[in-house]
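**Student:** Below are the chains, spelled out letter by letter.
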Amino acid sequence: MKNKKAQEEMVGFALIIILIAVIFVAFLGFSLRERQTEKIESKEVIKFMAAVLGVSVKCGDYDLKSIEDLISECNNGKYCSGQDSCNVLEASLQEILNSSWNLQEQSPVKGYSLNITKVQDKTPLVEISAGNVTRQAKWTYQDYAKERVEFVLYYKP
Amino acid sequence: MNKKGQLKIQQMIFMLIGIALFFSLIGLFAVGALMGSLNEKARLAAEENAVLLTLKLADSPEFSCAKTGDNLGSCIDFDKVIHLKENSQKYEKFWGVRGIEIKRIYPSGNNIECTKENYPECYSITVFPSSSGTGVAGFVSLCRVEDLTQKKELKCDLAQIIVIY
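So the protein sequences, as listed, match chains Z and R.
Here this note's numbering is used: position 25 in the first sequence is 44, and no number is missing along the way.
Here this note's numbering is used: position 72 in the second sequence is 1349, and no number is missing along the way.
Among the clues, some could well be false.
[Claimed, not checked] Heads up, simulated DSSO-like pairs for lysine-lysine below, C-alpha to C-alpha not over 27 Å straight-line:
no.	chain 1	residue 1	chain 2	residue 2
1	Z	K62	R	K1280
2	R	K1280	Z	K24
3	Z	K175	R	K1380
4	Z	K58	Z	K129
5	Z	K62	R	K1318
6	R	K1393	Z	K77
7	R	K1432	Z	K97
8	Z	K62	Z	K137
[Stated by the list, open to error] Sample of chain Z residues with no beta-carbon within 12 Å of chain R, all distances over it, derived:
no.	residue
9	F32
10	E63
11	S91
12	N95
13	D103
14	E114
15	S118
16	L122
17	A149
18	G150
[As the list claims (entries may be wrong)] One side only, chain R facing chain Z, incomplete, derived with CB under 10 Å:
no.	residue
19	F1299
20	A1307
21	E1317
22	D1356
None of these hints come from the bench; they were simulated from the model.
Beta carbons: idealized from backbone N, C-alpha and C, even for Gly.
When you get a sec, could you build the whole thing from the sequences and use the hints?
**Tutor:** Below, the structure is given as structure tokens:
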């Protein structure tokens, strides 16, 4: 009789331990999921991207191409001033992003990434990133007929 | 026997208090995290609204270019802004802000203030100067018609409009 009572106590204790363990694991899972980057679609970043896509780049002395046009030309393998359009596009975007966002210690912006991919097979055309990836980010994308432009701005509150 | 029963009840009460305490701690932690995230989202929304308000000013007819299309960005006409700067005293109270500045970001260069004489080889336009206040900046296209040898084309640079409230 006494032995059976002890067994019941042990089963109860084990059940409580299991319950607490399950709650702990669920809580841990929730916390880890929170640590992934939370991307918010931001109008501020949409406006930035729209302004960037409209920037004109000189292709030779008599031709001006917008970044938007250069993306399409890069995808079609065309040339700009005798150079590969993709190289001109990447160099221009690198300079634009570098001059636009201050990634210094005191700045709330900690990093960014810009990816231009082909819609068809998701092959990257241009990939630019700088700084650090943080838990919070402002994000936007622009879809064209054949290309997709995705920009993420990482910041620390 | 009675004493044993009392002991059992006491044991159960301690266990229940322990579990209740444990759950309330978890609840408290979760609510704290949720509130922190909500505060952060509210701050971000307020910040974004300030930027959008600034960009709305850039979309007013006195600044905006005649560029059409499905581009969602704000476009500032460089020629209009230079003329506006020359007549800034007439518009001083028009927008109800302390100051408006436009800085060219790309192509980058030294911070030369724009005048009718050095236009377009300049990088900063102070439409209304202000020495105090809070500045809110938003990205815009700064466009003008470029006279290329064979044709005229719209040339757009990346700029920041800074409105001082």
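**Student:** Need the list of violated hint numbers for this structure, in ascending order.
**Tutor:** 1, 9, 10, 14, 15 and 22
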